[in-house]
Structure formats: structure tokens, C-alpha cells
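From first to last, the protein sequence lines stand for chains R and S.
With numbering that gives the first Met the number 0, you'll find the first sequence wraps up at 328, consecutive numbering, no jumps.
With numbering that gives the first Met the number 0, you'll find the second sequence wraps up at 328, consecutive numbering, no jumps.
It cannot be assumed that every hint is accurate.
The list treats identical chains as one, so a pair stands whether inside a single copy or across any two.
Simulated pairs of lysine-lysine, DSS-like, Cα-Cα distance not exceeding 30 Å [as the list claims (entries may be wrong)]:
no. : residue 1 : residue 2
1   : K1        : K311
2   : K244      : K17
3   : K244      : K5
4   : K1        : K295
5   : K13       : K52
6   : K5        : K311
7   : K195      : K289
8   : K52       : K244
9   : K244      : K13
10  : K311      : K244
Hints are computed from structural coordinates only; laboratory data are not their basis.
Just so you know, these numbers come straight off a predicted model, no measurement behind them.
Given next are the chains, with one letter for each unit.
Number of protein chains: 2
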Amino acid sequence: MKKTWKWGILAPGKIARKFTTELQTLDNAEIVAVGSRNESRSAEFAAEFGVEKAYGSYEELATDPDVEVIYVASPHSHHAEHAIMCMNQGKHVLCEKALSLNLKEVIEMFEVARKNNVFLMEAFVTPFQPSYRKAKEIIESGELGKLQYLHGWFGFNSAPYDPQGRLFNPELGGGSLLDIGLYAVFDALWFLGSPKDISASAALTERGIDTSLTMRFDYPEGVFASLYSSFYTASGPGCDIFCEKGVLRITRRGILHQQLETRSRGTDPVRYTWEGDECGMKLEAVEVMKCLDEGKMESEVMPYSRSFELMKTLDSIREHAGIHYPGRG
Amino acid sequence: MKKTWKWGILAPGKIARKFTTELQTLDNAEIVAVGSRNESRSAEFAAEFGVEKAYGSYEELATDPDVEVIYVASPHSHHAEHAIMCMNQGKHVLCEKALSLNLKEVIEMFEVARKNNVFLMEAFVTPFQPSYRKAKEIIESGELGKLQYLHGWFGFNSAPYDPQGRLFNPELGGGSLLDIGLYAVFDALWFLGSPKDISASAALTERGIDTSLTMRFDYPEGVFASLYSSFYTASGPGCDIFCEKGVLRITRRGILHQQLETRSRGTDPVRYTWEGDECGMKLEAVEVMKCLDEGKMESEVMPYSRSFELMKTLDSIREHAGIHYPGRG
Chain R
0 MKKTWKWGIL APGKIARKFT TELQTLDNAE IVAVGSRNES RSAEFAAEFG
50 VEKAYGSYEE LATDPDVEVI YVASPHSHHA EHAIMCMNQG KHVLCEKALS
100 LNLKEVIEMF EVARKNNVFL MEAFVTPFQP SYRKAKEIIE SGELGKLQYL
150 HGWFGFNSAP YDPQGRLFNP ELGGGSLLDI GLYAVFDALW FLGSPKDISA
200 SAALTERGID TSLTMRFDYP EGVFASLYSS FYTASGPGCD IFCEKGVLRI
250 TRRGILHQQL ETRSRGTDPV RYTWEGDECG MKLEAVEVMK CLDEGKMESE
300 VMPYSRSFEL MKTLDSIREH AGIHYPGRG
Chain S
0 MKKTWKWGIL APGKIARKFT TELQTLDNAE IVAVGSRNES RSAEFAAEFG
50 VEKAYGSYEE LATDPDVEVI YVASPHSHHA EHAIMCMNQG KHVLCEKALS
100 LNLKEVIEMF EVARKNNVFL MEAFVTPFQP SYRKAKEIIE SGELGKLQYL
150 HGWFGFNSAP YDPQGRLFNP ELGGGSLLDI GLYAVFDALW FLGSPKDISA
200 SAALTERGID TSLTMRFDYP EGVFASLYSS FYTASGPGCD IFCEKGVLRI
250 TRRGILHQQL ETRSRGTDPV RYTWEGDECG MKLEAVEVMK CLDEGKMESE
300 VMPYSRSFEL MKTLDSIREH AGIHYPGRG
């Protein structure tokens with residue numbers, strides 16, 4: 000019989016609700032505690048999900064001896080601080096993306112994980128999703144020829160401008176890059192690896208936060224990627240992959256519905272779709288517990304090196320686009 | 000009864016065959032002569048299309064008093080020379096895109112047209128095509144909100160590398176930019192106008208010709224366009240338009256089949272399709288003869304100003320991407 004892992008939820012906001020809803024469906028996960036700086040939010044979440052212990056601080060959650068794995072869902076700006084606190088208490092951590100605000104902080108997080116011999120993984124769902132795994136399989140099979148160009152994007156338009164809101168606040172790592180742009184960046188890294196050159200251009204608010212952003216990655220031999228993110232387009236996420244013999248498009252309607260379509264000359268389009276169970280955030284939790292069962296402190300699908308590469312690239316994009324987080328690069 | 004216009008075809012190659020096939024279906028067009036530097040190619044074309052006069056030089060075609068309108072279909076590198084020769088003989092001219100190799104030459108072509116009081120239009124089919132006209136109508140209606148981002152592309156992969164071939168020869172204005180990239184550039188100009196900033200990156204052959212090319216246009220208020228062209232991707236042409244409330248995609252399977260699809264949140268996609276007669280190159284000829292019937296020396300749909308703006312933009316892209324045509328910028 001598989002071990003049941005005891006989870007704690009740190010910062011019970013919107014994203015934690017989505018994750019917990021899926022986590023509850025896994026029979027080897029038990030949610031034993033939740034921690035918020037606000038006691039009533041914690042209690043409300045505990046009642047909603049039937050969680051036994053509701054703490055009014057993150058520290059109480061981190062020091063609860065019952066808790067084995069903590070899902071960190073606070074704003075990007077606090078990921079490093081919270082994950083490090085949990086890991087220093089010997090807890091394994093699944094930490095929401097972006098892992099932190101800059102590469103220096105990400106490296107520190109890895110060091111703390113190693114020092115404490117605990118598991119740490121960035122909660123980045125893409126590499127676990129069937130559309131991306133199938134797309135990679137198709138590209139690697141060579142049936143579409145060499146990958147020449149990738150266009151990745153993520154836009155939503157449901158956040159009215161609020162200078163204090165998380166999305167627009169530089170103190171909280173606001174801006175489209177860390178919230179959604181990094182999905183497009185991840186697409187390029189996932190299919191093409193590290194670019195040899197980066198350029199970027201952003202529309203910045205008066206507080207220096209990017210509301211729309213374009214990025215271009217140059218690879219050897221004339222291979223390119225164009226990437227885009229914005230708080231002002233209702234496009235959702237997507238990725239078009241242009242190859243020598245055809246084009247592959249990945250789209251999704253919400254996180255639980257994914258579609259992949261390939262088109263090559265002279266043939267009918269081929270479509271693949273995945274729904275619900277196959278696509279969601281619980282794939283991250285499944286991976287965490289699989290690694291823990293096997294005694295691994297790092298995922299092979301979303302390893303340290305991938306988070307390192309992602310944040311290194313994000314740092315470079317920020318430098319080119321003039322995006323800064325006060326006191327943190 | 001409408002006047003029947005007497006056409007001559009200059010340079011009877013592949014593109015002229017496509018055009019002539021469609022021109023023949025118009026009841027107010029008569030194809031009276033064809034001119035090639037190669038007499039047997041001319042004779043072959045005349046036999047194929049039932050054209051009375053086949054000349055072994057462009058000069059004979061340009062000076063034939065029967066001919067009223069000449070379609071110039073030679074390589075880009077010779078458009079200016081040939082169009083100017085025809086216009087100086089008092090002929091109206093429909094000249095294939097790219098109109099020439101640089102802005103200076105394009106300006107000279109306009110000046111010659113004005114001086115001789117003849118009609119001149121760049122044979123650029125996009126603004127006549129129903130998908131682009133419908134797309135513009137939808138954007139201007141405001142139903143999708145403000146246009147925020149445009150991704151335009153054109154790729155084909157059917158030209159094996161041949162340093163002497165037209166596509167790869169800098170002396171002939173080779174490279175993806177003038178052959179297909181300008182369609183993507185036109186898309187951005189058509190929907191967004193002139194950018195305030197341009198950046199570009201190209202893969203160049205040893206002779207300095209771009210086989211793949213990415214371009215980024217920056218517009219005010221965080222609006223961007225990413226554009227791509229390549230001789231190494233089997234993508235065909237397309238354009239995605241990202242707006243505040245949804246996304247609009249224009250695609251085509253060959254020049255005679257066009258599709259437009261709009262997607263906005265919470266509604267089913269809306270699709271429009273057009274086939275054959277509605278889409279082809281003959282739309283250009285229809286416009287030419289309509290203007291001539293009305294005594295106009297310039298098209299309002301594809302006016303001088305549009306060709307001027309397009310070539311000015313192409314010059315700027317070349318400067319950023321390091322693409323040069325020997326002796327011509």
C-alpha cells in the first residue's frame with residue numbers, strides 16, 4: 000500500500016483553492032493543515048475543504064510536526080521567504096511559480112533544500128501536461144521535420160488596473176512576465192532550450208510593471224521564438240510550433256481542457272484533446288508524491304536545472320525590457 | 000457596355016501563369032500580347048493562353064500600340080526598370096510585389112507614373128481579399144475591443160537551396176523578406192499602421208540573403224506585432240490578431256481558399272470561408288480596370304502611399320537585419 004502524504008497549504012487564496020480541489024481527489028494525499036496570516040481566512044478554507052487544523056500564521060503551519068509537504072501559494076514576492084522557512088523546518092515543498100523574483104533567490108532556495116535534504120519543486124504544470132508531452136514526442140519523432148520557429152503567448156483581460164493589486168504591484172513581483180509570460184518563456188525553453196540571444200520590449204506602468212510584453216529568442220541556424228504576454232488581451236495561453244514539414248498548435252480552454260493539432264501539407268489536420276483528470280494541477284502533486292515515495296529530493300520532469308534556466312531567462316528578459324522589482328533586481 | 004482593356008504580360012513565368020489564368024475569366028479584359036527575353040518561352044505562353052502576339056523582348060511589348068495595360072511579372076530586381084519602360088511608353092502598369100528593391104526606386108516609379116499620367120499599382124492581393132476586408136470590418140466595429148497584438152507569418156519549404164536561383168540570389172532581390180515576409184509586414188501595416196520602432200533578426204546565407212527572419216514592431220500604448228518569414232517552414236501564410244475581448248485568425252490554403260475565425264470568451268468560434276472567385280489575383284485586375292474606367296491613375300485600396308509605406312518599412316527591416324542587395328541598399 001502506498002504511503003499517504005500529509006499536506007499543508009500555505010496561503011489559502013484562489014490558486015490554492017484550485018490546487019486543493021484537485022489534491023483532494025488523490026488517494027495518497029491527506030490535507031492536514033492550512034496556514035494564513037489571517038486566521039478567519041484560514042478557518043474558512045479549513046471548513047470549505049474539511050481540513051482539521053487552521054493556523055493564523057505561516058510559522059505554525061511550518062512547525063506543525065504532522066505536516067510533511069507544504070504547498071506554497073503566497074505571492075511570488077514571498078515564495079523564497081516562505082519556502083525557505085518551511086524547508087528549514089524539514090518540510091518538503093511544492094512552490095508556486097514563479098519560484099521567486101530573481102535567480103539569486105532561486106539559487107538560495109535550492110541550497111536550502113539541499114542543506115535540509117528536503118524535496119523542492121516549482122509548481123509548473125506545463126511539463127506534466129499531456130499536450131506538451133505529446134507535442135514533444137511528435138517533434139522528437141521528426142515527422143514534422145526540424146523545429147524552425149515557435150510562437151508562444153498568454154494573455155488575459157480580466158484584471159482592471161489596480162496599482163495596489165498583486166498583478167500591478169512591483170513590490171509583489173507584479174507584471175505579466177512573472178504571472179503569465181513565463182509560460183510562453185517556458186514553451187521556448189521546453190522545445191528549443193536556452194537561446195543564444197534575447198531581446199524584449201514592454202509596456203510599463205508608471206510604477207515600472209509590464210502590462211504587455213514581447214520577447215524574441217534567437218537560436219543557432221536561424222531558429223527563432225517570438226513570445227508575448229499581456230493583461231490586455233483575451234487570448235488565453237497558446238503555442239504554435241513551425242516546423243519544416245508542418246505546424247503544431249497547442250491551445251487550452253482553462254487548465255483542464257487541452258488541445259493539440261498538427262497540420263502538414265497535403266494531409267488533414269490531426270487533433271488530440273484531453274480533459275479534466277488528465278490535465279490539471281494535481282499532476283504536480285502526483286509527481287511530488289511519486290518522487291517522495293522513491294526517496295528523490297528532486298523531480299526529473301521539473302528539476303532544479305529547469306527552474307534555474309527559467310529564472311535566468313526571466314532575469315535577462317527583465318534587463319532587456321527594463322522591468323525592475325524594488326530592491327530585488 | 001464596359002470598355003474592354005487590352006493587356007500585355009511582361010515576363011511569362013509561374014506567377015504570370017497564375018495571374019493570366021484568372022485574368023482570362025474577366026469579360027472586360029483581353030490579353031493581346033506577351034513579352035519575354037526568350038522568344039520560345041513567349042511563344043509557348045501565347046499558345047497556352049491563346050494570346051495573339053508573342054514578343055522576344057520586353058521592349059516590343061512596351062511599344063506595341065495595341066497594348067493598354069501591362070502586368071509586370073519579372074523578378075523584383077527588374078520591376079522598376081520594366082515598369083518605368085512601360086510607363087514611359089504610355090502604358091498603365093500593374094506591377095508584381097515587391098514593387099522594387101528600395102524606397103528610392105519606388106519613389107522614382109511613382110514619379111514616372113505621374114509624369115506620364117498613367118496608372119500604376121503594386122500587385123498586392125491582400126487588401127482586396129475578403130478575409131482581410133472582413134477582418135478589418137470586425138476590428139473597426141469594436142466587437143473584439145482594441146487590437147493589442149498581431150502575429151503575422153509566411154513560410155514555405157519547397158525551395159531547395161540554390162545560390163543562383165531567384166529566391167537565394169541577392170542580385171535578384173532574393174530572400175524571404177521580399178518574397179513572402181512582406182505579406183506579414185503588410186498585415187501589421189494594414190491593421191496597425193506604421194510602427195514607432197522596428198527590430199529584426201535574420202538568418203543569412205553566405206551571400207547575405209535572409210532564409211528566415213523575425214521582426215518586431217512597437218506601437219504606442221504597449222501594442223506590438225511579431226512577424227516571421229522563412230523558406231524553411233511549411234506553414235503557409237497566416238495572421239493572428241489579439242484583441243481585448245478575443246482573437247481573430249486569418250488563414251489560407253493556397254491563394255484561392257481563405258478562412259477567418261474569431262474567438263471571444265464565452266462564445267463559440269465564428270468562422271467565415273471564401274473560395275475561388277472571391278479570393279484570387281484577378282481581384283487586382285478588377286481594381287485596375289475599375290480605376291481606369293473611372294479615369295483614376297491611382298487605386299484607393301492599394302494607393303501609392305501604401306506601397307511607399309510598405310517599402311519604407313522593408314528598408315528599415317533590412318537595415319536592422321543586415322540584409323543588403325548589391326549596389327541597391
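What hints, given by number in increasing order, does this structure fail?
1, 3, 6, 7, 8, 10
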